[in-house]
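Q: Residue numbers (our numbering), protein chains in the order written: chain A, 490 to 772; chain B, 490 to 772; chain C, 490 to 772; chain D, 490 to 772.
Repeated chains share a single entry, so a pair holds when one copy, or any two copies, can fit it.
Taking lysine-lysine pairs in the DSS-like style, the calculated list, with each CA pair at most 27 Å apart, reads:
#1 Lys581 with Lys714
#2 Lys718 with Lys581
#3 Lys604 with Lys695
#4 Lys604 with Lys514
#5 Lys718 with Lys604
FYI, nobody ran anything at the bench for these hints, they're computed from the structure.
There are 4 protein chains.
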Amino acid sequence: MGSGMATRLVNAGFPLTVWNRTALKAEPLAARGARVAGTPREVAAASEVVLTSLADPAAVTETYYGPDGVLAGTRRGAILVDLSTVAPALSKQLAVDSERAGARFLDAPVAGSIKAAEEGTLAVLVGGDRDAYDACQEIFKAIGRISYHLGPSGSGATMKLISNAMLATVVQALAEAVALGEKAGLDPAAIVEVIGASSAAAPVVKAKAAAIAERAYHPAAFTLKLMQKDLWLALSLANELTVPMPAAAVTHDMVVAANATGRSDHDFTAVTALMEQLAGVTR
Amino acid sequence: MGSGMATRLVNAGFPLTVWNRTALKAEPLAARGARVAGTPREVAAASEVVLTSLADPAAVTETYYGPDGVLAGTRRGAILVDLSTVAPALSKQLAVDSERAGARFLDAPVAGSIKAAEEGTLAVLVGGDRDAYDACQEIFKAIGRISYHLGPSGSGATMKLISNAMLATVVQALAEAVALGEKAGLDPAAIVEVIGASSAAAPVVKAKAAAIAERAYHPAAFTLKLMQKDLWLALSLANELTVPMPAAAVTHDMVVAANATGRSDHDFTAVTALMEQLAGVTR
Amino acid sequence: MGSGMATRLVNAGFPLTVWNRTALKAEPLAARGARVAGTPREVAAASEVVLTSLADPAAVTETYYGPDGVLAGTRRGAILVDLSTVAPALSKQLAVDSERAGARFLDAPVAGSIKAAEEGTLAVLVGGDRDAYDACQEIFKAIGRISYHLGPSGSGATMKLISNAMLATVVQALAEAVALGEKAGLDPAAIVEVIGASSAAAPVVKAKAAAIAERAYHPAAFTLKLMQKDLWLALSLANELTVPMPAAAVTHDMVVAANATGRSDHDFTAVTALMEQLAGVTR
Amino acid sequence: MGSGMATRLVNAGFPLTVWNRTALKAEPLAARGARVAGTPREVAAASEVVLTSLADPAAVTETYYGPDGVLAGTRRGAILVDLSTVAPALSKQLAVDSERAGARFLDAPVAGSIKAAEEGTLAVLVGGDRDAYDACQEIFKAIGRISYHLGPSGSGATMKLISNAMLATVVQALAEAVALGEKAGLDPAAIVEVIGASSAAAPVVKAKAAAIAERAYHPAAFTLKLMQKDLWLALSLANELTVPMPAAAVTHDMVVAANATGRSDHDFTAVTALMEQLAGVTR
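Just chain A, with the same shape it has in the complex (with noise of 0.2 Å):
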């Protein structure tokens, strides 16, 4: 995600201070003019606007508080946002560690896919201080299609969650669907055609229609290991916040049980696959 927004950001013509875990993977972004760091502290001590995009918690915290981390280089009055998807908590503390640091901080998880950040279609959920959203407008602009400042610190990461909890549902929707729809005999691709066309169908239906009806999960878009970390996350939001959410926990149930049984790098939309092995529907 992270160099597909990087490289529209350079070719939107912002200077770039960039760094990557994997030093091979900065050099596409210095052929196209960003400078390159040797650590995060380094990116932060050039930059008035500090952008993170990272795979999870971890490497999140790492990231900003370790010794040559974002927090230990940051410019009084620099604005961070984090890109990644973590938990509000997380957020909430990089906020107040930021503000310690005389920088001003945003939680801005972007939605969509790998494709969507290179095509500047993303949608990018954003908390905190509504002065330093306005700020950084022009990038958000070049990142995505749409952003939505939604509150106070950790909003846009509760509202990723939220979303993500709910596509994972619509897929455990559709994929119980499917399976009952070739057990009496359907075929798949009619019963994807039909609720494609439906008061359900949502956009990852249509999306996904061809591979579900095909049964290619193979290369995945978004694997089923990442799902049920996001699910994850949210359900523990739920459970902090002493919000029932019987449809996202079963789901997450299914997810867990899709990658037990061998599919954690396949589609998320795998559970189909699941549903239909157990419900006994051969092809």
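Starting from the known structure of chain A, fit chains B, C and D onto it as the hints suggest.
A: Positioned in the frame of chain A, the structure of chains B, C and D alone reads:
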């Protein structure tokens, strides 16, 4: 639903003989030129194609099998089309009994609201003889924006149940998302807006966004009571065919709880109010 | 079940007229002095108290309502006792129709295994007329260790469904516990031993501990197929009465998945094997 | 729990040094001859075996790792025994850090009520070094009716979480059974009596039968709030180890809903009141 469809048919120039349990309901159609019959049997005796649209399986059974029912009056070579939502087993039985009476039967439940029936934008999901389906093309075009031939008898009924189970689960997912977001401090209008622009943005999300944000579940486009009926038909089919549907099953439980706590005549999206209540959310 | 109970009755000195679909099954009873009848009607014509024990609702319906059925032959003043597990609605209907035939009807499903039937340690769950219940005390004592009068017609059937739904959910909970413990590295025998000494130690846990530890689900004391049937009757009653049962519902889904993946003639505790499989546990 | 166990130990003649956050709570023990220490560190410095019993993971972490904590004062060769319910990962970490401090660590959560702690009838579920376990036999005999050595560090913690997840699910199953039975017209006292004599009759069913029949959930033996905590620890372990637990997951959702709707200090069996409410049952 029935009078919306009948009005479109008479307006499209089809010669129409109509019957309704409540005779009064047939009057506006009579005013537009439809002949009013005293029983379903009379309708059948007068028609090459017989269309039925009824509230539940009991009404369908009575209308077809009663002494003054459709099967008692059907012409040889007629096509009988049931637009109601019933179990596939009943559709299959009707097909067998129609054949005995010298007629062909199509199960053709429609997907869409009362408004869609009036506007002719329903989707017609058809099972049964392909030639009979083809012969009804003009009729399906008058009442729907699209029709599908999905396979032998029962296929239309099956697809309708699958489709409604999916719809209910999508709305349950949305209800959980809204409850979690609100308890985390987000604005409900923002939650439905963001989800309405995401990969999980089923048309139902956009159509119901304002109602959910304003907690306006009255009048109902489709009641929780009817949704429980349809979900149960879907789960019964799944039980019969040995297909596990955990997300649909817990969705059914929440629909049941909403019905048992006084919301049965609210719109089916009022599961959102239940999930807010169970999360201790107060607006 | 039936022959175990009948053997106990004949051994206890009750004069017995018996009938079985498979005539051969009645022979051992004949050898002990029972009279063998050719139809349920003949049994009814010969008896003051008629006991029926059948596999499913269809068999009950046929045995009572068929042309050679119980109701066709019943004496005025007789007591008809159905020991099968059926929906309360069917029990209530049988009570109404028995009354029309001048007899009284008790729904009296029994809880316990085939072994318990042979040993006379069943629990008899009775609904219907209190005087009829009192009049059958000696019979209930011959077949069970305890009997309960639970209320009007249907109350016994209801209690049996509730009891079996509870049993299935307890076993599902145990299956999840075993799968989690094993994947965490615990010995399955230790898991069932510790649970078998805890507050959650239902008799079923102790009775099935060895079988679960050894993965020995054959022969079945009660098959997964029959458990799906009983769970479905319970869930159907809950749907009808508008009662949400989320734990029983997902338990049903796992029982369905176990049946669909080739375990339908295994003991109902074989959901443990399914949960191990879905957890990726290999022993 | 802690003071019940400590009282039994001092009564059994063990020389005891005690510490409690609330100094007052140590007084009755001092009156019986226990020495009172000012910090956990002092307890550790004075003891060959250190026992800790704390409310939650945060308290455990602080009591072991704080500057005046157990690890700061532990003697070489000591055995540290944590009787609290925490995540296995924390137990394993404590074992590693205890070893660094020259001590051996046992995770030894106890199963049973406050009353059981006073009466010495707890079950002690132990993970860690076998020799250390053997060396603590007399202590475990003083506080419990039984102890189990379940494997390496973390095994006791794991078994406790499994056991509590099972217990919660059994009670959820009972709650659903009671709600269904009541709505069908059965007497709640009869329902719990019959289930209390069935194969699903866990000791918890019998222990709570009267309370459920009378809807008396106060005072709590174990609160819904604490059950949510323990269930969440179990589900977190399951998520980490990739084990689906759908019945435990929906049970957690109902516990959450009970907590969110004002029942958090009620006994954990008060999910029955929630399920009655959701079924529209009024007594």
